[in-house]
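If you're matching them up, the sequences are chains A and B in order. In terms of numbering that gives the first Met the number 0, the first sequence is residues 0 to 843. In terms of numbering that gives the first Met the number 0, the second sequence is residues 0 to 408.
The hints are simulated quantities; they were obtained by calculation from the structure and are not laboratory data. There may be inaccurate statements among the hints.
Claimed, not checked - Here are the simulated DSS-like pairs of lysine-lysine, each with C-alpha atoms no more than 30 Å apart in a straight line:
#1 324(A) <-> 74(B)
#2 472(A) <-> 287(A)
#3 74(B) <-> 333(A)
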Amino acid sequence: MLKKFTLLAFMGLTCAFSFAQPDTTKLSSFEDTLNDNTPVFVSTLDDDNEGDGNVSGLLQSSRDVFAATAGFNFFAARFRIRGYNNDKTTIFINGVPTGDLVTGYSQYYKWGGLNDVTRYAETKKWLTTNPYHFGGIGGYSNIDISATTIRKGWRISYANTNRTYRHRLMATWGTGMQANGWAFGVSVSGRYAQEGYIDGTYFNALGYYAAAKKEFNKQHSLNFTVMGSARERGRSNIFVQEVYDLTGNVYHNTNWGYQTLASGDSVKRNANIAKDHVPVFTVNHEWKKDDNMKLNTSLLASFGKMGVQRLNWYDAKDPRPDYYKYLPSYYYDKNDPDNARILENAWINGNTDFTQINWDQLYRANDNNLYTQEDADGQAGNNQTGKRAKYVMENQWSNELSISFASVLNKNIDKLHITAGLYHQYQRNHYFKTMADLLGADWWVDVDRFAEQQFVDPIAAQNNADTPNRLIKVGDVFGWDYFMHNHESTVFGQAQWKLEKFDFYAAVELSDQFFYRDGVYKNGRFQDNSQGKSEVYNFFNYSAKAGVVYKISGRQFITANGAYLTEAPTSQNVFISPRTRDFTVPDPTNETIYTGDISYILSYPKVKMRATYYYMERKNAIWSRTYYNDEYNSFVNYVLKDVDFWHQGVEFGVDGNIVGGLSANGVFAWGQHLYNSRPTAYVYRDNSAELIDSNKTVYLQNYKIGGMPQSAASVGLKYSGKNYWFVGANFNYFMDIYFDPSPDRRTEEAVQGFVTADPQWEQTLDQHKIANGYTLNIIGGKSFKFGDYFLSLFGNISNVTNNTNFIAGGFEQLRFDRTNVNKFPPKYSYMMGLNYFIMATLRF
Amino acid sequence: MKKLLFIALGIAALTACKKEPDSPPENVIKSGSVITIDSLRNWQQAFSPGGVSITDTLHVYGIITMDESEGNIYKNLYLQDHTGAIQVRLTSGSDFAVGDSVRIALAGAYLSEYAGVIQLDSINPDEMIVKQSANNLILPEVMTIDSIGFEDEAKLVKLENVQVTFANLGSTWADAYNQASANVILEDCNGKTIIVRSSGFASWAGDEVPMGNGSVVCIVGRYNSDIQLTIRSINEVNLTGTRCAGQILAKDFEDDDLNSGGWINYVVVGTTLWETKYIGGNTFANITNWNGTVNSAAESWYLSPQLDLSNSTSASLSFDNDCNYSGDPLQLLVSTDYPGTGNPSTTGTWIDITSTASWDPNTSAWGFHPSGSIDLSAYTGGNLYIAFKYIGTNSNGRTWEIDNIVISG
């Protein structure tokens, strides 16, 4: 009774105070460019999080029924456990944290497809002890990539799916630890789709892994591993509902179009291609002094290329078919139904000149644009005549180089277990553009089209003022060129006591992060603050956590955890428009996080159950985006300071045997994930950094964090047969899904001129809610043994009922026109219809 | 049991702290600050002919009865509610559409009068007009030319059984070329008339007025002592019926059909036919024996249907004509005994009345010329046919155009 009372009191407190949570709107702000005034959204159908259908490696390995079910069954609906972004879960490789220092996010893409290697990650969710490092409040996952994790022998598998890729072939070979003290492991994984689930998308990836480990003696061993994944993907995009209605296709993709080749053949070409290859090299040394002391030291290096190839244009109409002025609604809103109907017919009839990129038109525009560039390449009198490109395909690179060092000591002293560690990471990202394809033109001129319109002084439009009017040919660097340097150093210590009735732990971490920008180009608009090193921004932080497990019996537990952290803002959030200048949000400060959870756990052989209440509060976050603002008639940098978040919720999971091989599971997640402050907005003109508006109040308090179901539930049955086979099904239901609120709509200025009785009042302020949705998933498998050969078959079918009405992700457009508040409606994507993954694996 | 209790308590505690989303400070309409259109009109009339500057936070609601999309008005809207209607003058063009229900914030607006029209002036459409909903259609009030008065100014009305006056037939609604406004007079069968004024920017400004009788939907306006109607959309001008008694035949070729109404195209010599032609918003009948290379001998008749003049004591004919190039004149003939079919050059007795008409004197340029009123009274008391006879030779031939044939009797 006392326990319950305590719990209630605890919950009461959480209501009285306010708690917070992470920045969910961070879709991909680095893609947020002048070319593209809405943040690029990563579709569910995309591969960015390596959600390749073979079950998120991270979550699957968790034995917790809640995490396992949520990981597989809630994935497609973008459910996020506790509403956290993935930066709150630390991914270690051989004990070295691998988060991206620029964004804070984990970087699964670096080893995408190497499931044989990464499958057996050691995962613990949420606030917990951590034998490697302090870790995130969402838990951690350590991928051991040393040669001894590869099972001795061969493992060859083929998978077929209709998701982002179609085929996957994997081969893995290991020696295990041999008598001579050496172990070797090799794995190769190829994934391919000429065309993925969505029209015009494609997927090519090759993952590779090689490791060697030498055990010198019982105490010392050394491991060397290299792994990487080279990928190229043709991507899809998402739309306003009007496009889905017109095309009748919820998986429409305007990124591709037909291009007529010299041979006369017409081919599909994608205008949004992601390429990455950032291999990881590690050396790590294990020193087992004795059973009570272990010291692991690792060095990890990672470098490579990561870029997006996309269209850019100059003095030409927007080539994107879904540009708002190319949709019928634009003309209907202008009370011009005649033109609206012309467009409507073109879209409805699937005229690809309207519904897809019109490559031939782009080539024609370039071909007809004979132009004389005076004083080309910065040389007076150097007049060059040629076909000046109106449209090009350019590569936007963010190439990473990072080096990390981590050392961790684990030591038992009686009932006390001590862990202490050091970690340092240096990461340098090189951001620049290269010309990928001039689409038939002779050259592109390296000037900024928006600046050209806005400034009288011609130098202002120069992206590289040291060489004005530079003519760009394929392969040339242009546009922007700068480095972002990030350093992070931490020390941490943790103590655990295991007693008969109680286990305790407590951990602290001290960290220092600093970063700076180093510009290569002198930008014509920012000649004094674009070239060379910026000021160094340094942030010192500390974190502490503690927890207790009360063992009611060997089968029943109560656990409680709490943590207090301060976190540095990421360089991505601090720098505003780093492509053009050294400029930051005013007075960047650390974030603060409070979090806690309390759980009741049952662990019987036939029934396992966990019920948890959690809260998390995050304060003083920064939010910044660049987009076209209709109120100011300009591209602006819109910066919010003091964005607070809070999360609270209940997690419940039960898994029990009913009879024989039949078991049932149920998972319920009730969450409340909210904005918890009225942030202050600062608005800068992007082309001049002029502060146009400051101390603007954004009324965001209690808006829902969008882009995920706040709550979800799943019930399932599983049958395991005697002859190594199983089949299971889960019905999943997703609730309370919202689009993340666009801040500028929630200001006094946005509703100025409206009264509460006007429909615009609610249309502007109300958060867009998405209808609840469901899925039914089936999973099954069977294993065979033929002598020394093991064959296993595995398959899953997601969304068996082919529910294509469920909006699984989206965002409110930042663009907003007060004279027509619905002019820029939300963009969103629909969950994939029926999709499957089947795999056969042979082991010997 | 224990777990259920745990969960139940948990959910109870959590839902207890349901949180309402934030909102900027609310702007509410104060009671008494909404006024009707008739109050606005009365307010202005109290100060007439001066104006009233509105400084208080007041609002008027109404439905747009005319918008700018067709070009007949610009930077103007008409607003109507259950009490009345008013012209709204904007500071810039707008995209509001007929049927939009709107709220207009009146602070900063100006009430004034121009040539007797009450105007709600200085309205910034982006800042002061807030659309509430779309497609709220107000039906026009059916009125007669007689019953429309100054008190109906700005109101949406419908006139039935009206037609463009005989004098205005053949003209366009306005001067589209010079983008100048013009008047067209409508009449009813009792001879009551009313002005329709159209802007040279209206999308139908260059269209020829229709000849038939029917209905017209329009906004009532005023210019000092004159009532002026303003058409919202040419689609609401349905003048396709039979004209009032007294005019027995009219053909304007706007239906692009040479034979409608019983007219006959009869080739006696050669292969040259009368054809319809569309130029500059007007359709007319056209004939030429020049095929682009050579002239060829031609005799082609354009024959009217049988006209019953048995009850008439007087009759007249008028048409517009235009000719170009050298060759024979067009002949105008009448017959009282033509049987309605057969070769007219060998059938029936035809009387040449060419000389009674006025013909286009300029044979080297385009441009219609009115024939004037041709007296047909000598042929009343029975059936009558009229015919245009075209003659061409192998060496020359004119191009003739005919339009707006009206026969009264």
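*Failing hints, ascending?*
Structure breaks hint 2 only.
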